[in-house]
Amino acid sequence: MFRALGRHIKEAYFGITRHLAMSLSAASAVTVTLLLMSIMVLALGNVNQITMNLQDNVTIFVRIQEEVLESEIVSLKSRVEAVDGVSFVTYSDKDAELDKLIDEFGDDGYLLETYRGENNPLSRSFVVEIESGYKISTVSDAVGRINGIEEALFGGNTTEQFIESLNVVRLGGFGIVVALGLLAVFLISNTIKITIFARQDEIVIMRHVGATNGYIRTPFVLEGMVIGILGSIIPVLFTIIGYDFLFEAMGGKIITGMLTLLPVFPFTLYVSGILVVTSIFVGLFGSWISVTKNLRWKR
Amino acid sequence: MLLLQNVSKTYKTGVKALHDVNLKIDQGEFVYIIGATGSGKSSLIMLIDGEEIPTTGTVEVAGIDVGKLKHRKVPMYRRNIGVVFQDYRLLPSKTVFENVAFALEVINLPRLEIRRRVRQVLELVGLEDKVNAFPHQLSGGQKQRVAIARAIANQPKVLIADEPTGNLDPDTAKGIMDLLELINREQQTTVLMVTHDRNIVDQHRHRTIKLEAGYVVADFKDGGYIHHV
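Read top to bottom, the protein sequences are chains P and R. Using the working numbering, the first residue of the first sequence is number 1, and each one after it goes up by one. Using the working numbering, the first residue of the second sequence is number 1, and each one after it goes up by one.
Calculated from the structure, these hints are not laboratory results. Beta carbons are placed, not taken as given, at the ideal position from N, Cα and C, and that holds for glycine. Treat the hints with caution; some may be incorrect.
To be verified - Quick list of in silico lysine-lysine cross-link-like pairs, DSSO-like style, CA-CA up to 27 Å:
{"#": "1", "chain 1": "P", "residue 1": "K293", "chain 2": "R", "residue 2": "K68"}
{"#": "2", "chain 1": "R", "residue 1": "K68", "chain 2": "R", "residue 2": "K157"}
{"#": "3", "chain 1": "R", "residue 1": "K24", "chain 2": "R", "residue 2": "K73"}
{"#": "4", "chain 1": "R", "residue 1": "K12", "chain 2": "P", "residue 2": "K293"}
{"#": "5", "chain 1": "P", "residue 1": "K293", "chain 2": "R", "residue 2": "K70"}
{"#": "6", "chain 1": "P", "residue 1": "K293", "chain 2": "R", "residue 2": "K94"}
{"#": "7", "chain 1": "P", "residue 1": "K10", "chain 2": "R", "residue 2": "K130"}
Unchecked claim - Cβ-Cβ distance ranges computed for the label pairs, FRET-style:
{"#": "8", "chain 1": "P", "residue 1": "L182", "chain 2": "R", "residue 2": "A133", "range": "40 to 48 Å"}
{"#": "9", "chain 1": "P", "residue 1": "G172", "chain 2": "R", "residue 2": "T10", "range": "52 to 60 Å"}
{"#": "10", "chain 1": "R", "residue 1": "A36", "chain 2": "P", "residue 2": "I9", "range": "46 to 54 Å"}
{"#": "11", "chain 1": "P", "residue 1": "I280", "chain 2": "R", "residue 2": "Y11", "range": "41 to 49 Å"}
{"#": "12", "chain 1": "P", "residue 1": "L295", "chain 2": "R", "residue 2": "Y11", "range": "46 to 54 Å"}
{"#": "13", "chain 1": "P", "residue 1": "G6", "chain 2": "R", "residue 2": "I64", "range": "27 to 35 Å"}
{"#": "14", "chain 1": "R", "residue 1": "A218", "chain 2": "P", "residue 2": "G6", "range": "48 to 56 Å"}
{"#": "15", "chain 1": "R", "residue 1": "A133", "chain 2": "P", "residue 2": "G6", "range": "20 to 28 Å"}
{"#": "16", "chain 1": "R", "residue 1": "Y11", "chain 2": "P", "residue 2": "L237", "range": "53 to 61 Å"}
{"#": "17", "chain 1": "P", "residue 1": "G175", "chain 2": "R", "residue 2": "I64", "range": "48 to 56 Å"}
{"#": "18", "chain 1": "P", "residue 1": "I9", "chain 2": "R", "residue 2": "A218", "range": "51 to 59 Å"}
{"#": "19", "chain 1": "R", "residue 1": "Y11", "chain 2": "P", "residue 2": "R170", "range": "49 to 57 Å"}
{"#": "20", "chain 1": "R", "residue 1": "T37", "chain 2": "P", "residue 2": "I280", "range": "44 to 52 Å"}
I would like the entire structure built from these sequences, with the hints used as guidance.
Set out below in structure tokens:
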């Protein structure tokens with residue numbers, strides 16, 4: 001078993017060095033697709049991060065009806081907490097609401113002090129945080145239907161639409177990444193097909209001296225995997241250096257502080273890992289496909 | 001050793017290559033198969049080699065029913081058979097030693113065993129001084145010797161030689177014939193040689209089977225080229 005593996009590695013090495021131009025052209029085909037994939041994955045990682053940030057930051061503001069007695073607040077709060085998708089509820093009474101308003105008015109805020117006490121027109125409220133993965137509008141509607149709740153408000157449809165469009169971007173991006181992977185498999189299998197064509201004699205001879213299909217296939221598959229890894233070197237460097245450059249140039253955020261970029265490490269290392277693993281699989285499948293076509297499975 | 005019973009082969013294209021062939025070849029025999037192009041020689045070899053399945057009848061080699069073999073088992077079966085081709089089919093990027101060793105690596109022999117065995121067969125075919133040469137540095141006769149060394153390295157029970165002298169001049173061809181006869185004599189390897197060469201068949205007399213349009217039309221124990229009847 002290990003004896004055979006040594007021979008396979010030797011054959012794969014000769015395969016690559018002997019057809020160096022071919023190996024390099026296969027590797028560069030992989031390089032190009034992996035570069036595109038790197039850009040997609042980097043973008044996707046950040047879109048994902050932004051989506052999660054937004055979802056974490058989104059809260060529902062719930063106004064409590066005037067008729068609700070102070071003593072009923074606790075049970076009302078637990079009913080809100082019981083709603084599917086609610087992660088955390090904070091109660092804020094009229095005074096606290098007024099404080100928030102005064103804060104927002106800044107220097108002129110003291111003028112509002114006259115409303116403190118009996119005259120306070122503001123509603124008592126809950127601030128509801130949502131578990132990620134739940135649709136804000138659904139949770140908000142459910143909370144709004146609870147008896148004793150005046151209304152439940154959130155950032156509005158725009159927030160939700162933004163998050164949803166980010167989700168579409170995520171899905172689409174994922175689709176593109178998969179398509180790029182398949183493209184790379186196609187490219188590498190095409191190139192390896194040519195090297196196999198050049199080595200058809202070798203395969204025929206191997207068959208005649210009693211090599212099993214598995215034995216014939218192994219060096220080609222190893223060769224494909226090595227070509228894949230070779231093809232991933234430049235994309236990996238591009239990922240780490242390029243993203244670091246971008247991160248520095250943009251100061252770690254996209255326009256506003258709310259849309260932050262993922263830190264360079266460990267993010268780029270994960271992406272590099274994805275690229276290397278992809279390249280290995282691409283090489284494996286690409287060569288597997290083309291060599292299998294050249295073997296005989298039936299008589 | 002080699003037993004063909006009522007063997008017929010019809011290809012999917014409708015070509016009838018062999019008709020009701022019955023043959024019995026014993027261990028250690030040297031047999032010529034002669035016949036014009038398209039007479040079914042190649043089909044016969046492919047049936048013995050396990051490359052094709054007979055349409056009817058049975059092909060039995062060393063007790064194995066070749067037609068009934070699962071495809072998966074064919075490589076194992078092939079290790080009983082050595083094949084030599086007219087065009088040598090050596091790997092151009094490997095040395096003489098590596099070309100012969102290749103056949104043994106494929107069946108996963110230990111390295112020392114391979115070295116020992118390769119030296120041995122290269123000595124037998126008279127190429128011990130060409131061990132590190134590449135095929136393009138060899139003459140046609142030498143290339144065919146390498147191919148023969150590769151075919152017998154694994155000590156097969158049957159050696160099939162498909163027009164091994166087809167590309168060689170008469171003197172070199174005689175050398176190859178002497179070598180095949182030596183292998184046949186010394187190792188008791190059954191040799192099945194397909195040939196067109198009338199002189200060889202006449203000068204190196206062995207049992208001769210003639211195929212014509214898929215039929216065995218003659219089978220002479222004493223040999224000699226059979227002229228058209």
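Exercise. Broken hints, numbered, in rising order?
Worked result: 12
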